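Chains A, B, C and D, in that order, are what the protein sequence lines are. Numbers in my numbering are just positions in the first sequence, counted from 1, shifted up by 9. Numbers in my numbering are just positions in the second sequence, counted from 1, shifted up by 9. Numbers in my numbering are just positions in the third sequence, counted from 1, shifted up by 9. Numbers in my numbering are just positions in the fourth sequence, counted from 1, shifted up by 9.
Possibly wrong hints are sitting among the right ones.
Identical chains share a label here; the pair holds if one copy fits it or two copies do between them.
What the hints assert, rightly or not - Calculated lysine-lysine pairs in the DSS-like style (CA-CA distance at most 25 Å, straight line):
hint : residue 1 : residue 2
1    : Lys69     : Lys313
2    : Lys69     : Lys177
3    : Lys69     : Lys100
4    : Lys152    : Lys100
5    : Lys313    : Lys468
6    : Lys431    : Lys468
7    : Lys435    : Lys135
8    : Lys135    : Lys69
9    : Lys435    : Lys152
10   : Lys468    : Lys435
11   : Lys177    : Lys313
These aren't lab readings, by the way, just hints derived from the structure by calculation. Keep in mind the model is a prediction, meaning the values are calculated, not measured.
4 protein chains.
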Amino acid sequence: MSLDTLRSPLSFLRSALPAIPCLDLLEAEQQWWSTEALAISGAIDRAGTPWVRMFDRSGKRSDEILYPPEYQTMLRRGYRSGVVWRALEEKSLIPAYLFMYTISFYDPGICCPYTVSLGTAVPLSKYGSAELQAGFLPHLLRKDDSVWQGATWMTEIEGGSDLGAGVKTIARPAGDGWLLTGDKYFASNAAAELAVVAARPEGAPPGVRGLALFLVPRHRRDGSLNRFIRRLKDKIATRSVPTGEIELRDSEAYLLGPADAGIYLILEVLNLSRIANSVVSVALAQRAMADALAYAECRTAFGKRILEHPLLRHQFEHRLQSLRSALALAWESVRLLDQVWMERPPYSDRYHLFRLVAHLAKYWTAEFAVDTAKWAMEVHGGLGTLAEFGVERWLREAMILAIWEGTSHRQILDGLEVMERKQAHKMLFTLLADAAPPAELQQMERDVQTLLNLPAEQKEVQAEAVFRRLARFSANHLSA
Amino acid sequence: MSLDTLRSPLSFLRSALPAIPCLDLLEAEQQWWSTEALAISGAIDRAGTPWVRMFDRSGKRSDEILYPPEYQTMLRRGYRSGVVWRALEEKSLIPAYLFMYTISFYDPGICCPYTVSLGTAVPLSKYGSAELQAGFLPHLLRKDDSVWQGATWMTEIEGGSDLGAGVKTIARPAGDGWLLTGDKYFASNAAAELAVVAARPEGAPPGVRGLALFLVPRHRRDGSLNRFIRRLKDKIATRSVPTGEIELRDSEAYLLGPADAGIYLILEVLNLSRIANSVVSVALAQRAMADALAYAECRTAFGKRILEHPLLRHQFEHRLQSLRSALALAWESVRLLDQVWMERPPYSDRYHLFRLVAHLAKYWTAEFAVDTAKWAMEVHGGLGTLAEFGVERWLREAMILAIWEGTSHRQILDGLEVMERKQAHKMLFTLLADAAPPAELQQMERDVQTLLNLPAEQKEVQAEAVFRRLARFSANHLSA
Amino acid sequence: MSLDTLRSPLSFLRSALPAIPCLDLLEAEQQWWSTEALAISGAIDRAGTPWVRMFDRSGKRSDEILYPPEYQTMLRRGYRSGVVWRALEEKSLIPAYLFMYTISFYDPGICCPYTVSLGTAVPLSKYGSAELQAGFLPHLLRKDDSVWQGATWMTEIEGGSDLGAGVKTIARPAGDGWLLTGDKYFASNAAAELAVVAARPEGAPPGVRGLALFLVPRHRRDGSLNRFIRRLKDKIATRSVPTGEIELRDSEAYLLGPADAGIYLILEVLNLSRIANSVVSVALAQRAMADALAYAECRTAFGKRILEHPLLRHQFEHRLQSLRSALALAWESVRLLDQVWMERPPYSDRYHLFRLVAHLAKYWTAEFAVDTAKWAMEVHGGLGTLAEFGVERWLREAMILAIWEGTSHRQILDGLEVMERKQAHKMLFTLLADAAPPAELQQMERDVQTLLNLPAEQKEVQAEAVFRRLARFSANHLSA
Amino acid sequence: MSLDTLRSPLSFLRSALPAIPCLDLLEAEQQWWSTEALAISGAIDRAGTPWVRMFDRSGKRSDEILYPPEYQTMLRRGYRSGVVWRALEEKSLIPAYLFMYTISFYDPGICCPYTVSLGTAVPLSKYGSAELQAGFLPHLLRKDDSVWQGATWMTEIEGGSDLGAGVKTIARPAGDGWLLTGDKYFASNAAAELAVVAARPEGAPPGVRGLALFLVPRHRRDGSLNRFIRRLKDKIATRSVPTGEIELRDSEAYLLGPADAGIYLILEVLNLSRIANSVVSVALAQRAMADALAYAECRTAFGKRILEHPLLRHQFEHRLQSLRSALALAWESVRLLDQVWMERPPYSDRYHLFRLVAHLAKYWTAEFAVDTAKWAMEVHGGLGTLAEFGVERWLREAMILAIWEGTSHRQILDGLEVMERKQAHKMLFTLLADAAPPAELQQMERDVQTLLNLPAEQKEVQAEAVFRRLARFSANHLSA
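Next comes chain A alone, as it looks inside the complex:
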């Protein structure tokens, strides 16, 4: 396998995946990004956190995000290409994630708007009333620049992972809809025309069981703003996602699904993002390696190109192997999600297998992305520490991937839970049985079982080492 496969997202995907649907469209996307949008993405990153213009000249609250116009050019391309509408029209997520891989090789942040738009369209189409669907879905699925964006606003200041305690936003019934009041602290794609929002209906029980999921449009029926952007978060990266703090103040909202099953809808939305995070992490790692390769080919030290130095050459080859493993694990999670994404509770066993693989993939790919970005900076030597050369960007982007959609702690503990409660590891071992040598497989099974048999606190303490081995084991054998 040649280092040349690193040079573009599709050359690597072609070398690693058995079949790629809509390849022509992906080639066009890759072509456009590599010639036009690459420089736009760099400029957006350099420009730092964008501004919000809160009031227009007449003193009316407007909350307009001041990106340079070419941001819209870059962003809309993906919507037109079908990163959202294709999923619902073609009843498959595969094209969406292929587009995301291709695009995030060039800009790892911009797949967040796409993912949360998908995460808005999917629950609306699964759980929305006919009237809601008729009113809102067509806007999200337009194939031109009038398309609406979606957003998925769950997290509040008191907590990301602990949604049960963290969500304080209250929903009050009002006429045929609801009014929501509360503050969302990490609200990705803050400018979206439509958002799905976690809130607690007045009188609902505490904890996750009392949560419901609502649809919240940007504007009220009377045309005024329905939610406010208090400010944009000053993130270290993903500058192409405007992540804001959102204030809901008696904001008009519509319930999705039953009021007492919101937590399932929320978790289904998170599935889409978690898998996107894995796919983007692998693409980012590939990009960092591609940049390192380009540098190692042109830089000379001690009389030869540094790529020809044995230690560095070895690192490239070894890391390429790891990249293939990481992609295999991420792609298995895509494949499984594509099988279960239209399920509703109660879920099948396959859904629980998906959940385990998703946690392994999120964990493993993000670790790999961070490590690879760090390594790529080191390959660049001193230049790696300079904003001027852009390679430091990949580490910033990777750290966000490592934290979004749950840090490693979260993946480990949630993975543990799905193994304990649903025996998901057994399905995983069945899945790996063809590829993994029996002795290794049995050893791995024993290790997992030993962990699961530990007393609760001890189990948590030991979980990391076993989970890490299980992730590597799965990745390696899925890529074989």
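Assemble chains B, C and D onto chain A, guided by the hints.
Here is chains B, C and D on its own, set in the frame of chain A:
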């Protein structure tokens, strides 16, 4: 051993080092930093790369770096405390590195100016003529705010580690001195009043053997600027070091030591920085842990403080152990340097042992600092990705530590060389014999020997894994 | 009169004012600013709009403004020197405005915090109940760094000058106090511990007659934040004033004076700021001239220093004369305010004379400051357009002075009103009778009377030209 | 005349100029700018001074200016439309200046690249050898995006207006060309592929008589960089012009015209920029008024839209009249330049009349632009001081126009000279004879003559007042 030792640099040093000279002074330093300078350091980092004002109003080139005034307050404190003068006056480097540890817990960048000032004073005092010493040394050793700063400018655009090929700066004899012309690409402490500069005398042979070391003052004898700051590098961190590109244009210079032994002088200067880099890396890791601890104590999830979650608690305790190991390795390199820093070529065996330990320490502490900074960001969850909370700074700072003074590649290959040529590993194993269990020690020795016996290219390919094990092995047993 | 008087604020004040109380203290202030704080002020301006850290690590709203620490050093100096406490303790505003002139020569923005702190202490001491005074006044009058700052928050998004229509903030009685809810759009000194706030008690009539003035502390009695900083305004200058948008949400408040006389209290507060604006405008103009002078003395063109070119020399001398006139007018407004500031409604004739002179002074000094700052940039030629040289700052600062406390339109129309309703021009002409030649005075009187006799719309159209002449006439003859 | 003419550049030009060639093309330009490029221009301004990437990854000096890609989109549009090629192809400057007026209503800076490209093409086509023209002219006149840009680099650190003393750049003959060494301090359009550069051939006499004009390409014949961008100037505005400091180091160059007549060529180049500056100043003033109008129509105070307040309404109408006068004066300078731009020394009387009108127009239009921008800020009240609303930009832009191409001092003194030496005022009075009332004209003539009869120093002191009156007089009667 309690997590409480993490809270301040001296509480940790006291828990880990057998004795600490000038403890009262260090306590005062720590007190001042924790109450006054901490906020200054944060403001300097937030302000980004400072400006250079190149011309004064009258059109005269002035190259003044526009730091806010409190930068000087912060910087000068350390000089007054003796981070430089104490080494020469007390004939020991121990106080200098103790100060650096204490200070870099609060600002990891500011030890760079101190180190390069030390790296200017030491060769001047070892190799400078009586006249040069009389003319310049007192300025560097002043105990008030009129103290001069030093700088060590070696690297040029074509290469950091490959000095033999990379240094194109030419020195021409002129009167009783020299004139230097060339461009330095990574010139730390660009505003220094005095620098030691690597250059090649006209007619000298190519490669490292043709290099000489020169003293270059900021101003010419006629009062005009003797070197120009083309610009400051836009680094991702260490904003408290103004790192510039320096233009030497017939700059007045004075030779240090013999013209054909410059490479030894250069490497002696690098010793001082490499050890500083290790000490600072450990302090940075401690700081990231201290911040994570403070956060984990106040943040609640799932009904309890996150510090009480078993997985996180375990990570804290395990990492504290690693911190002690990292300090032990770094401090061993300090201790050895303190024994050999006044040697001149030909060097003793102990000098070569020092070199090996220095490479192991630089490598291991930087890896640990990066890993710990990443982990501390993850402990903070989403807040870890926000500029507002400051924890992301530690990863930026750590990445610079991982690259400055040689990336891991460089440490591995140079470590290999000193083992091959000088059998330094044998002295290391002797050093470790008391602490390490004999069986483990023998296994480690066999692994190293096996590596050294490989053919050249294969040896380089395999070196990383062995070097990593050797570093961890040494760190663990030195801390025992 | 020599150009040398331009070089420092006190050298000019001494040349222009008959007597200067507390000269020693002012000399010390000038000395400290010219040696220490000048560079701090420059750094604050270069750093741009500061950040607000809205939440602390534990997720609690904190709204902390992230100035570099030396900002506090600079700011607190003036409070200690007595820019606020001296007024109440010495029963005179003269020292306050002398300090402001001296300080704003170095930083024209920092007098805003001082002025609004004064504008908080004065109504509290005039109109506050004994209990309110006992509870809050001592904090504002402390002579050490624990002093509280004040703020005067009137303006809302819908309008600055039209307070009657613009103030939508509502006050509801609650226990022994009030609760305020509303948004203040231009809230200077957003970090102040105490603010006086215009609001409309529930049920009060519309327009200015329904306004009341309240005292609003930063924290509630339970220690939580009593008002929120939505964001800081991104102003072109006065970076040393944190001007924010403030959200009041059931904020605890205390009524000052009668609930139906708030508009008088508000206007009394504005008197203090309007006069400060005039004094600062003159100091800024002096500073711009001082910088131009320093440049013109060192820059050479066509064979001689540009100060020696006749056209430029003439401009300097002519402008120095205008500076004296502007100071005379501003100082007359100070002198009159010092006589009337403790009056309460109904006011004396002298109060109305003060009002007219205040409008003339605000208008004239701001125009002069802008024009002088523009001229100083032109004296610097191309350097004047560069951020590097700092002279462009004065135009930015001056434009804020021209707009704050009412643009020229406002001064003209309000000046017209006080002439029409209170015949204030007659008192002005009496005041000028000694200094102005009788024929000129009579002509000026006729012009004003002709204006006042016009039909309403025509009067407004013609007002600007007459008001401008009246301002210049007054300034010239007051300085004679 | 209606305020509606303010709303677009062409609506105003159509109301004020008798005939407009290529109106269709201008309409298309206006349409594109108002819908597409307006937002790009705003984003470029907000982004601040762009970066220079000095080295590529391989360590080769590249000096690439990091504008966002849409900058090129915006810039190239004008070249394609013919802002340069049309002048040479159609033998008329009228279309060029019409395009500049139209474009600079939207972006006042971007006409600088166009002007200096014209200022490169014109002397090359007038004075270049056949070989030089064949080699370089076609690149400048291309009608697609491969077009080259030009630049006119005269000014050095020691002086703008005093070229005779200020230009220290030395030209040495080398083969069939020259090698230039020196530093240009205000080098507009620093990224241009070709520049005309003022330098002094070795051995030439001091002063302006020793200057020659050279053509300097961006790259040497061997492909390496022929000049270096030391840095970009951090200007307060015109962010769409990359103004740099340029280092020439034995840069390859070609002589234009005779080596001893360079000063004439230089002044001919400056003619083109000075007239552009006047045209842009008027367009900027119109833009500021258009923004003020849009605001005054939507903002309400005291019960009605502020545009309906008599004082403000009157100001709008009066200022619109002044805008027409300013355009008339500027356009007279365009019309005259269009008649004389192909002249070579010795020049006609008409050329000297042009010079006087050009000085009056540069002076008057810039003063008017600054005053109008200040007024537009004041119309916006507090919003005028906020970066968020964009209106403060016009004052920054206007200040650059007031300083570039000679401050008012320069225009006054140079205008005086052409009246004294060439009696240009007599031709001006002839020109105005039809429009101006005879009595006023005679009075104006007497005032000028009185001035010219004064002793030298006195003449300079008095010049400003007379020059100002003459400019206003000419503008008013040309617009009648």
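Now the hints, each set against the structure:
no.	hint	verdict
1	Lys69 <-> Lys313	between (63 Å within a copy, 17 Å between copies)
2	Lys69 <-> Lys177	between (28 Å within a copy, 14 Å between copies)
3	Lys69 <-> Lys100	neither (42 Å within a copy, 44 Å between copies)
4	Lys152 <-> Lys100	within (16 Å within a copy, 48 Å between copies)
5	Lys313 <-> Lys468	between (51 Å within a copy, 18 Å between copies)
6	Lys431 <-> Lys468	within (17 Å within a copy, 48 Å between copies)
7	Lys435 <-> Lys135	neither (30 Å within a copy, 69 Å between copies)
8	Lys135 <-> Lys69	neither (36 Å within a copy, 37 Å between copies)
9	Lys435 <-> Lys152	neither (43 Å within a copy, 68 Å between copies)
10	Lys468 <-> Lys435	within (18 Å within a copy, 42 Å between copies)
11	Lys177 <-> Lys313	between (61 Å within a copy, 18 Å between copies)
Consistency note: the structure conflicts with the earlier hints numbered 3, 7, 8 and 9.
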